[in-house]
Amino acid sequence: MNSLFLHLASDGLAPLSLLVLQATAAGDPAALPSALSLGSLLSPERITVLIRTALVLGLGVPLVYGASRWLNALVAKRYNPQRGLVAGKLLLYPGVILVVVTTLSELGFSLAPLLGAAGIVGIALGFASQTSVSNIISGFFLIGEQPFVVDDVIQVGDTVGRVLSVDMLSVKLRTFDNRFVRIPNENMIKSQVINITRFPIRRADLLVGVAYKENVERVRLVLLEVARVNPLVLMEPEPTVFFDGFGDSAINLRFTVWATKENFVKLKNILQEEIKARFDAEGIEIPFPHRSLYAGSATDPFPVRIIAADVDGSEAPPMPPESAPGTKENTQS
1 MNSLFLHLAS
11 DGLAPLSLLV
21 LQATAAGDPA
31 ALPSALSLGS
41 LLSPERITVL
51 IRTALVLGLG
61 VPLVYGASRW
71 LNALVAKRYN
81 PQRGLVAGKL
91 LLYPGVILVV
101 VTTLSELGFS
111 LAPLLGAAGI
121 VGIALGFASQ
131 TSVSNIISGF
141 FLIGEQPFVV
151 DDVIQVGDTV
161 GRVLSVDMLS
171 VKLRTFDNRF
181 VRIPNENMIK
191 SQVINITRFP
201 IRRADLLVGV
211 AYKENVERVR
221 LVLLEVARVN
231 PLVLMEPEPT
241 VFFDGFGDSA
251 INLRFTVWAT
261 KENFVKLKNI
271 LQEEIKARFD
281 AEGIEIPFPH
291 RSLYAGSATD
301 PFPVRIIAAD
311 VDGSEAPPMP
321 PESAPGTKEN
331 TQS
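Note that the sequence shown ends on residue 333 in my numbering; no numbers are left out.
Each hint should be verified, as a subset may be incorrect.
[Said to hold, decoys possible] Only pairs whose alpha carbons sit at most 30 Å apart, straight line, appear in this in silico DSSO-like list of lysine-lysine:
#, residue 1, residue 2
1, 213, 89
2, 190, 261
3, 77, 89
4, 266, 77
5, 172, 268
6, 276, 261
7, 213, 190
8, 276, 266
9, 77, 276
10, 213, 77
11, 89, 172
It is worth saying that the hints were derived from the structure and are not from the lab.
Model the full structure from these sequences, guided by the hints.
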């Protein structure tokens, strides 16, 4: 048994652990409290070990986190927030591992058995967590390819949001209605991702319908004038108006203007209000859909029968066909 204790001591177990093992092997439960007595716990050697361990944890962990944040801010300022996030994590994870290893060494644990056990556990976890491994590999591709970075606005399927972080397992978004969305990296690799704010300028396409009686060239000049006086519209590339086709109730025009990505949403809203106000001032009609109802041929009048109750409760006689209000009736859909 003594040889076993010596073997455990050579493996790096703390003396306190040896005392506990000796008391247990002796079969004397009363020996265990004496092994854990206050005097044995507060021996000069153990106090020194505890002080060193507390210093490693108390100074090492804050130092690693502080250095990680400093590197994150430095790289983000010089390059972009995404690279800063990656650089900070590359310093944080190894730093935390180093602090943990140093703490275990100060407590007297041998790292060789722990590394062996960690290897076996790692193999088992690898088979059990294939999805997580796939997400980690996909995360490396996202970080290397950089189809988007932190603070970009992207669209994945029906989800649109601002990128908060690109981590090893998932991408985290914040939608414009203030919801938090987590998308696994594997899904990001397999799905179509639209980066809305990748380029500095964007084009806004506005569909404008005018009545068939309007002069298209005059409408075109009015739209271009609306764009020219708006300070948010870029003149290069210049605004354009395209004839988009004949609709059921209107001539459809496509009005395209360019703006910086910061002013895109604001411009699209303001421009439509200005078009409505300018069309009203110019007398340009924006039609609504109409439906024409006919009875028989197009030239016959449409018979209308109005039934109304008199004061005494009796029904009024129906209107004669010749008093019908015309050959057709236009109703708003």
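Point to revise | Hint numbers not upheld by this structure, sorted from lowest to highest | key: 1, 7, 9 and 10
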